[in-house]
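Quick note, the sequences are listed as chains A and B, same order. For the first sequence, counting from 1, position 368 maps to 368 in the UniProt record's numbering; every step adds exactly one. For the second sequence, counting from 1, position 498 maps to 498 in the UniProt record's numbering; every step adds exactly one.
Note that these hints are calculated values from the structure, not bench results. Incorrect hints may have been included.
Unchecked claim - Keeping only pairs whose Cα atoms sit at most 27 Å apart, straight-line, the calculated DSSO-like set for lysine-lysine is:
#, chain 1, residue 1, chain 2, residue 2
1, A, K444, B, K24
2, B, K28, A, K28
3, B, K488, A, K24
4, B, K611, A, K488
5, A, K611, B, K488
6, A, K444, B, K611
7, B, K24, A, K441
8, A, K441, B, K611
9, A, K611, B, K320
10, A, K488, B, K24
11, B, K441, A, K608
12, A, K257, B, K608
13, B, K444, A, K444
14, B, K444, A, K608
15, B, K313, A, K313
16, A, K320, B, K320
17, A, K260, B, K608
18, B, K441, A, K611
19, A, K24, B, K441
20, A, K24, B, K444
Number of protein chains: 2
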Amino acid sequence: MATPLNSDHSVSFSEPRGFAATFKSDLKETFFPDDPFGRFRDEDRPRRRLKKAVEYFVPIFGWLPRYNFRLFRFDLLAGITIASLAIPQGISYAKLANIPPIIGLYSSFVPPLIYAVFGDSKHLAVGTVAACSLLIAETIGKAASPESDPALYLHLVFTATFVTGIFQTLLGFLRLGILVDFLSHSTITGFMGGTATLICLQQLKGIFGMKHFTTKTDIISVVHAIIKYRHEWRWESAVVGIIFLIFLQFTRYIRQKRPKLFWVSAMAPMVVVVVGCVFAYLIHGPEHGIQTVGKLKKGINPLSIHYLNFDSKYLPAVLKTGLITGLISLAEGIAIGRSFAIINNAQVDGNKEMIAFGFMNIVGSCTSCYLTTGPFSKTAVNYSAGARTAMSNVVMACCMALTLLFLAPLFSYTPLVALSAIIMSAMFGLINYSEIIHLFKVDKFDFFICAAAFSGVVFISMTVGLMLSVGLGLLRALLYVARPATCKLGKIQNSILYRDTEQYPGATVIPGVMVLQLGSPIFFANGNYIRERILRWIRDEEANSESEGGVIEHVLLDLTGVSTIDVTGIETLTEVQRTLYSKGVKMAIVNPRLRVMERFIQSHFIDKIGKENFFLSVEDAVEACQFSLHKSKQNGDVTSEPHSTITSL
Amino acid sequence: MATPLNSDHSVSFSEPRGFAATFKSDLKETFFPDDPFGRFRDEDRPRRRLKKAVEYFVPIFGWLPRYNFRLFRFDLLAGITIASLAIPQGISYAKLANIPPIIGLYSSFVPPLIYAVFGDSKHLAVGTVAACSLLIAETIGKAASPESDPALYLHLVFTATFVTGIFQTLLGFLRLGILVDFLSHSTITGFMGGTATLICLQQLKGIFGMKHFTTKTDIISVVHAIIKYRHEWRWESAVVGIIFLIFLQFTRYIRQKRPKLFWVSAMAPMVVVVVGCVFAYLIHGPEHGIQTVGKLKKGINPLSIHYLNFDSKYLPAVLKTGLITGLISLAEGIAIGRSFAIINNAQVDGNKEMIAFGFMNIVGSCTSCYLTTGPFSKTAVNYSAGARTAMSNVVMACCMALTLLFLAPLFSYTPLVALSAIIMSAMFGLINYSEIIHLFKVDKFDFFICAAAFSGVVFISMTVGLMLSVGLGLLRALLYVARPATCKLGKIQNSILYRDTEQYPGATVIPGVMVLQLGSPIFFANGNYIRERILRWIRDEEANSESEGGVIEHVLLDLTGVSTIDVTGIETLTEVQRTLYSKGVKMAIVNPRLRVMERFIQSHFIDKIGKENFFLSVEDAVEACQFSLHKSKQNGDVTSEPHSTITSL
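Just chain A, same shape as in the assembly (with noise of 0.2 Å):
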């Protein structure tokens, strides 16, 4: 191929980069791409650069010492607020873990105090989550039955809770938030989806107040369960939790219409629960079919480290309850810690975000609380109520505080019809339709994963549900590097521009000139279906133009979607040389980029290929390529280059 007509700009061939540079640049995009140390890495005074580090990896130094009681108003209403949330929540979301219901509330004490120390978001408020309460309940109900031993049971739940928090900080020490990006935002709606149908169910024994039920999650044994014990339907209860419901999910619909109502919803569970508590005190609930929590102790969360229990009996199933429930728990906190602060121009650092979840865990394990994470219904009245710092986190601790000090016992009135209303009517908020309608009009596959969690979760189990949908996500990213869109260009008429003739059908092709677009890096994992596809590509265009005669003297690989290229991959294109060469065909190479460059020279691929045939643009390359062209056509040369002999015995 000639040289380039306009040759003012031409490809870099500087020498590659070190291995060091390349490396460290590597490694802090992969662990580091929002550089978190950026703050105070350039302070030149050490003083202050050590006060930066220290409010970074401690957040509450970096906004209490300029806390004012202007913005503790704000905070004080939302955390009395979220308070009056946390307590039918914390109650009902223990019953769904099969735990004392005043572990919930310990659990709304101790943990949220910790996060507003560590934590990094303003709005996010702390507290249980119903979907890995359940998944606690089906996994350590494995290993030890809540009814029959429930003292272990309880402690295994604490020692999950250790292993979660553990983990978590784990995860953000080595800034593995990477993993929770594996959890495609498709997976949690299918996820939440199917746990809220699954819970809905479930919660249908509290609302008809039977005795008997199953401990597996499935949903055939749970419809099989509600049938079997029908006999022990009470249609007290069943009235009452009717009429709660129903006074739920008006109060949902009014905060829909008025979001400046928002308070009438979050006040509505302590709602259920007061009027509750004083209904049953009076016709003496027990008596007629309305069944209460029971006995609640008072005073604030005792120590539990005593309790954590490391026995290998059981260590399987706390380590694998432990690990999915933090993930989960990882992923629901940080994308909605994330969202709020997108509305408000703030950021979060994800893996900062993990040590605050672990550390919260940590001491939650040791003081009586389970697994805690930021919900999203939580974290929702709590920025709708103003809130403007963590404070409003102390503040719920400290109402949760008052409550365990001196009204705990009022609370065992609480009907169980009534956490069932207060659950049932949650998990309606969580089943998310427009989100999987959208889903199945924009992307398919998308709407695949999210189908596959949900019928997982409720079909099999909800870990099977989780990892056959994470497993589907894998294997669509997989999928992506395996099978990297290839695409023909051509010119777009009155300017230089080469762009997809499938996209831009008026593009024209120049005859005797190919020009494909790869896209992606260039791997192992699709040497071979590149050198396919670009070989197909010539066949096709060449069978298209046998009948008007034309054949193809050059093949354009415009690199600059390629971000990357490994030693296969490098392979494949030496291949894909050889093989077009050995039909008369001439291949150049269109911008590669950086890396793919340096990849080049190291492995002396340039030196094969010729400087001559790298270009920094289509255009050039086919200037130079109709320069050939023309040349050999002056010479009457073209029927000497050597062509095709397939031998196709």
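Fit chain B to the given chain A structure using the hints.
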């Protein structure tokens, strides 16, 4: 942003293709990238179409009718040459797999015949391979002892071969050749190197004429066994072994120096066996520490279909062996078929080859053969000896049949030390030093993958080494998609090209406009990363330009390299736009590709961003930005934009 000045070419907003169309094209790219049915699908006449289809599925119908005596002369010579290699290798590798040597001979009779009918490659020579033989010994050896219950062990080997066959056939029919692509070149290099090292050490048993040894395959156990049983070392055996080894290595050296004398090294193992037999017969070997193979029965392959053993007790080991050896042998066979096809400009259809290998192993397992594939050494000899068609495999099979019928008993005198020397010599050739050095120079991560396979195989076990290396490869593939390269573009002088400013330091940045190039698909696994990275680019740029007094007002995202996008990816871009907008920065999209544009339209992203913010080229977008910058300066309303107001309490 104003309308582009140069508006005669703009982004195509045409309606997205239907789901069926994109799904079909995705399926085709994923499973049929080489368009295998293209050859006969376009044929109009139904009879010719059928004929072409039959020729496609059973390649022998394609070449046999045109076969002639001239070709047969080449194939005859090649066939005899590979047969002379097959006999010593068959016996040796059978010993490596701890099965009777006669099975090794059987395995070179039936499978080559099957391959000749269904196989696509012209030069591939069928035979047993060392790595898989050792792997069989390792994994089946754990389920049944080859010493105490040799019959059961042998039957399990047949069953594993049967499983391999079914697995390979299925992979081929389901067009899952993509699985083999994930065994990267680096993995294979490391795995082969590690296996060769192990086998060499193991063969010291034979060289020293030892009687006791370990059944374990890791280097520590092997070295320990050699030292532990050092009282069994026989100097007579060692002397003979070293002489054979020197002879074999010398013939290899000759082949390297004079490629035309390839037959010297091809015949050498046979010479070693014959000389060894004569020697052992003359001096009564066993009495002087020279152990021999022992009795070999006359007769061709007996049926073994009734030996297949699917007892659930052994099934896990059998399945594991079948699947792993199936994948490895496919990787070797297909890679070799392809590389010889490339030399000759022929095409090998990987999925069809899998079916051929599968049939070969299914039939093989029913006729007393164990695992066969296309080993590199034998195929290279076949190619060098001038093979033109798969007929050379038929010739080899005939030679083997004659050997089995008449000569087998003669080989019973083969000294074990001769076999060990043959294996060791072959293994020396499998450790690809130059490739390992090349990997180290060009790509440290590839080298790391290779080193992981090597050390995993040598220090732990072959399966662990393989898994470890494949796992690292997958991790890398996922990192590619989770952390796609982004770069800042600047304008190359005297052109309208925008290129990476790191790669082309001369490229000039337009004040107030930031051009970012994104690469690879944007989807759930990298959405967070891409958002953080874009914001960091802007932060860094603003920190830089603070001294210069510049402020970024436009961010252009060049999506040329983005091959596809999912729902999370679109959300990411929406969030970026929202964040930028609140800082007073406008975002525009440059050159979205077909698939990306379709998703943008389906998800109404276009409406959110505004059609006027989509440009076909960076130049167009920059012009529009400059126009808008100019206008805003004229009007003096720069400050009227909603500027950055991060309430960084």
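Here's how the hints hold up against the structure:
| no. | hint | in the structure |
| --- | --- | --- |
| 1 | A:K444 with B:K24 | holds (13 Å) |
| 2 | B:K28 with A:K28 | violated (38 Å) |
| 3 | B:K488 with A:K24 | holds (19 Å) |
| 4 | B:K611 with A:K488 | holds (25 Å) |
| 5 | A:K611 with B:K488 | holds (25 Å) |
| 6 | A:K444 with B:K611 | holds (25 Å) |
| 7 | B:K24 with A:K441 | holds (17 Å) |
| 8 | A:K441 with B:K611 | holds (21 Å) |
| 9 | A:K611 with B:K320 | violated (49 Å) |
| 10 | A:K488 with B:K24 | holds (19 Å) |
| 11 | B:K441 with A:K608 | holds (17 Å) |
| 12 | A:K257 with B:K608 | holds (24 Å) |
| 13 | B:K444 with A:K444 | violated (38 Å) |
| 14 | B:K444 with A:K608 | holds (22 Å) |
| 15 | B:K313 with A:K313 | holds (26 Å) |
| 16 | A:K320 with B:K320 | holds (25 Å) |
| 17 | A:K260 with B:K608 | holds (26 Å) |
| 18 | B:K441 with A:K611 | holds (21 Å) |
| 19 | A:K24 with B:K441 | holds (17 Å) |
| 20 | A:K24 with B:K444 | holds (13 Å) |
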